[in-house]
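Take the two lone chains and join them into the complex the hints point to.
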Amino acid sequence: DVKVTQSSRYLVKRTGEKVFLECVQDMDHENMFWYRQDPGLGLRLIYFSYDVKMKEKGDIPEGYSVSREKKERFSLILESASTNQTSMYLCASRLYLNQGYEQYFGPGTRLTVT
Amino acid sequence: SQQGEEDPQALSIQEGENATMNCSYKTSINNLQWYRQNSGRGLVHLILIRSNEREKHSGRLRVTLDTSKKSSSLLITASRAADTASYFCATDEGDSSYKLIFGSGTRLLVRP
Numbered sequence: 001d002v003k004v005t006q007s008s009r010y011l012v013k014r015t016g017e018k019v020f021l022e023c024v025q026d027m028d029h030e031n032m033f034w035y036r037q038d039p040g041l042g043l044r045l046i047y048f049s050y051d052v053k054m055k056e057k058g059d060i061p062e063g064y065s066v067s068r069e070k071k072e073r074f075s076l077i078l079e080s081a082s083t084n085q086t087s088m089y090l091c092a093s094r095l096y097l098n099q100g101y102e103q104y105f106g107p108g109t110r111l112t113v114t
Numbered sequence: 001s002q003q004g005e006e007d008p009q010a011l012s013i014q015e016g017e018n019a020t021m022n023c024s025y026k027t028s029i030n031n032l033q034w035y036r037q038n039s040g041r042g043l044v045h046l047i048l049i050r051s052n053e054r055e056k057h058s059g060r061l062r063v064t065l066d067t068s069k070k071s072s073s074l075l076i077t078a079s080r081a082a083d084t085a086s087y088f089c090a091t092d093e094g095d096s097s098y099k100l101i102f103g104s105g106t107r108l109l110v111r112p
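In order, the protein sequence lines correspond to chains A and U.
Here the first sequence stands for residues 1 to 114, where the numbers follow our numbering.
Here the second sequence stands for residues 1 to 112, where the numbers follow our numbering.
Same shape as in the complex, but just chain U (with noise of 0.2 angstroms):
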C-alpha cells in the first residue's frame, strides 16, 4: 500500500502565486522528503525533515510536518514557470530506513 499519499493529485496556478502540496502518510516515520520530477526525467531531492521537526525552509520552499496528524506540506513561495514537474513526498518505514516509500505525485503546471 502507498505510505505517502499527494493532495492534490493535480494543481494548476499562475505564476507568482504559491503552490501548496499536501502528502498523509500511515505508520511511524523517521524523515519525510520531498522530490521533484520534470515531465519523463529522474527525480531530484528537494529537502528533506526529520520527524523531530516541524518545519524547514529552503529557498522559496517551506516544508511543515505534523507527525500526530500524519501529515507534510510543501509550500512553493511565488511560483515560476520552472516549477512546472511531478513533486512526491517520499517516507521511510520506522524501523526499515532503507526503504523509500513513494506517494503518486502531484502534478504541477505554473501558467506564465
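Looking at chain A on its own, in the form it has when it is part of the complex (with noise of 0.2 angstroms):
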C-alpha cells in the first residue's frame, strides 16, 4: 500500500515565524503535491513537483514556497506565516505525470497561525 505521511497532524505557529511542512511517499511517486483545505472552498492547489528539483505554482502559491532535494520527500515552507495561512494542509503523491492516476494523500496537517 502507498503510504504518504506528514510531519505533524496539528501544528501552532505564531505570525511571522518560518514554517515547514515535510511529506513523505514511500513508493517512489513521481509526482507530488501540496493542497490546502478551507470550508466552503474544497482543496486548492498551492505548488506541485513533477520531478525531484522540478516544481511548478498551483493556483494559490502566494507566501509558499516549496522544495524537492529527494523523489520521496516534499517540503512547504511559509516564509513568514500569517494568521490567513491556517488552514488544514494536505500532501498528496501520483505515480506519473499522466492521464488517470490517482492521488495518495497523507493524513494532513492542521495548522494554526496565531
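Among the hints, erroneous ones may be present.
To be verified - Simulated DEER-style distance windows between Cβ atoms:
| hint | chain 1 | residue 1 | chain 2 | residue 2 | range |
| --- | --- | --- | --- | --- | --- |
| 1 | A | Thr112 | U | Thr27 | 30 to 38 angstroms |
| 2 | U | Glu55 | A | Asp51 | 31 to 39 angstroms |
| 3 | A | Lys13 | U | Thr27 | 33 to 41 angstroms |
| 4 | U | Ala82 | A | Thr112 | 23 to 31 angstroms |
In case anyone wonders, no lab produced these hints; they're calculated from the structure.
Backbone N, C-alpha and C fix where the C-beta goes; we use that ideal spot for every residue, glycine too.
What follows is the structure, given as C-alpha cells:
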C-alpha cells in the first residue's frame, strides 16, 4: 500500500515564524502535491512537483515555497506565517504525470497561526 | 473557479438506504475521480471513470458519467454508518493532466 506521511498532525505557530511542513511518500512516485483545504472552498493546489528539483505553482502559491531535493520528500515552506494561512494542509503523491492516475493523500496537518 | 461542484452539499440518510451525490463540471475532461474524506483526515481515492466510459462499479459504489451534460453521480448502495464522510469529485482540465480540480464536497451522514 502507498503510504504518504506528514510530519505533524497539528501545529501552532506565531505570526511571522517560518514554518516547514514535511511530506514523505514511500512508493517511488514521480509527482507530489501540496493543497490547502478550507471550509466551503474545497481543496486548492498550492504547488506541485513532477520530479526531483522540479516545481510548478498551483492556484494559490503566494506566501509559500516548496523544496524537493529527494524523490520521496516534498516540503512546503511558509516564509513568514500569517493568520490567513491557518488551514488544513494536505500532501498527495501520484505515480506518473499522466492521465488517470489517482492521488494518494497524507493524513493532513492542521496549522493554526496565532 | 471550481471545476467540480457537488450537489447536495449535505445529505442525511438512514442506514441501509442508498445515497446519491452529483457532480457537475465546466470544461472537457479526460477522467473524473471520486474521493472520500473522513472527518479531519486525508482523502482516499474511491473510483476513477474515464471520459469514454459511462458507468463503473466498485463494490457498493456505482459511478456514472454523462459528458454531454458535464455531470457525474456517485451512488452508494445499502449505506452503513461507516460511510459517513465527505465525498469529493475531482476532474482534470482536459489538456492539463497534472492538475486535479476538486469540488467543495458533499457531507454524508448515515444514521444508524
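Taking the hints in turn, this is what the structure says about them:
1. A:Thr112 <-> U:Thr27: 30 to 38 angstroms: 35 angstroms, holds
2. U:Glu55 <-> A:Asp51: 31 to 39 angstroms: With a Cβ separation near 35 angstroms, U:Glu55 and A:Asp51 satisfy 31 to 39 angstroms, so the hint holds.
3. A:Lys13 <-> U:Thr27: 33 to 41 angstroms: Holds, at about 37 angstroms.
4. U:Ala82 <-> A:Thr112: 23 to 31 angstroms: 29 angstroms, holds
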